[in-house]
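Engineer: My request is simple: use the sequences and hints to build the entire structure.
The primary structure of each chain is shown beneath.
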Amino acid sequence: MIHLAFFARIAEICGTSERTIALDPAANIAMVWDTLEQEFPALQAMRPSTRAAVNGSLVSFEHRLAADDEVAFLPPVGGG
Amino acid sequence: MLAITDEPLDILAVRAAVLDKTCGGVALFEGIVRADDDGTRCVVALEYEAHHSMAIAEFERIARDVHVRFSGARIAMVHRIGRVRVGEPAVVVAVAAAHREQAFLGCRYAIDELKMHAQIWKKEHFSDGSADWRANDA
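Residue numbers (the numbering used here), protein chains in the order written: chain A, 1 to 80; chain B, 1 to 138.
The hints are simulated quantities; they were obtained by calculation from the structure and are not laboratory data. Please read all numbers here as calculations on a predicted model, not as lab measurements. Among the clues, some could well be false.
Unchecked claim - Label-pair restraints from in silico Cβ distances: (1) B:S71 / A:D24: 45 to 55 Å; (2) B:R15 / A:T20: 37 to 47 Å; (3) A:I21 / B:T22: 26 to 36 Å; (4) A:A67 / B:D128: 28 to 38 Å; (5) A:A67 / B:G39: 18 to 28 Å; (6) A:A45 / B:G72: 20 to 30 Å; (7) A:E39 / B:A131: 16 to 26 Å; (8) B:A13 / A:P41: 40 to 50 Å; (9) B:C23 / A:T35: 51 to 61 Å; (10) B:R41 / A:G15: 32 to 42 Å; (11) B:T40 / A:T20: 39 to 49 Å; (12) B:K21 / A:G15: 48 to 58 Å.
Each residue gets a CB set at the ideal place from its N, CA and C atoms; glycine is no exception.
Structural biologist: So, in structure tokens, the structure goes:
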């Protein structure tokens, strides 16, 4: 299994802040995102500006996933 | 003191966290929720959300940078999450140093880095009941 965490507008689009999904052994982050886009088409517009983190570290969408990874999808920041 | 809280910010506590006997100056920055008005609607509150562990890790990185770049300056930084009304602080940064220049420069550096890199998001709530997420300028 891998654990997905959604924030801000992405969480609103997905209707939840977290989800657990089965791990495809070949899966990278782009594949997970593509699956989410099919379910939530409004995510398509977010793709260019979204960054991903695995277990708290920023990674590229090509990053390969391992069991029990926590994948966070992060929109452009707005703190301060 | 590097923290994210859903409580109103205690500015004097943030300031007190950086004071010691080597300190000759403290620069204090408060980021305040502003009533932005685009002519048809006005901001009444901001709602903040954070990836807590990533945001704190970024605060720690900024604190190390400030210490190294600005002659051992000491920093405290607290950001609020949840709904923050116009006029209230959403973030407080205090930087103490032996001399004022390092305190001012360190404080400016820290808030700029926070706005650019910390995993925190804000949603603007408007007077007409509408709301939208708002990213910082890159």
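Engineer: Does each hint hold? Answer for all of them.
Structural biologist: Results of checking the hints against the structure:
1. Between S71 of chain B and D24 of chain A, the C-beta spacing of about 51 Å keeps the proposed range 45 to 55 Å intact.
2. In this structure the hint that R15 of chain B and T20 of chain A lie 37 to 47 Å apart at CB holds, the actual value being about 43 Å.
3. The beta-carbon spacing between I21 of chain A and T22 of chain B, approximately 52 Å, falls outside the hinted interval of 26 to 36 Å.
4. Against the hinted window of 28 to 38 Å, the Cβ-Cβ separation of A67 of chain A and D128 of chain B comes to about 47 Å, which falls outside the hint.
5. Remark: the range hint 18 to 28 Å for A67 of chain A to G39 of chain B is contradicted by a beta-carbon distance near 53 Å.
6. Evaluation of the 20 to 30 Å hint for A45 of chain A and G72 of chain B yields a failure: the beta carbon distance comes to about 46 Å.
7. Our hint of 16 to 26 Å for E39 of chain A and A131 of chain B holds, since their Cβ atoms are close to 24 Å apart.
8. With their beta carbons about 46 Å apart, A13 of chain B and P41 of chain A fall inside the hinted range of 40 to 50 Å.
9. One distance hint, 51 to 61 Å for the beta-carbon pair C23 of chain B and T35 of chain A, holds here, with the actual separation near 53 Å.
10. In this structure the supplied range 32 to 42 Å is violated for R41 of chain B paired with G15 of chain A, their Cβ-Cβ distance being about 26 Å.
11. For T40 of chain B and T20 of chain A, the hinted distance range of 39 to 49 Å is satisfied, since their beta carbons lie about 42 Å from each other.
12. As the Cβ distance of K21 of chain B to G15 of chain A is approximately 53 Å, the hint placing it in 48 to 58 Å holds.
Hint compliance for this structure: hints 3, 4, 5, 6 and 10 are broken, all remaining hints hold.
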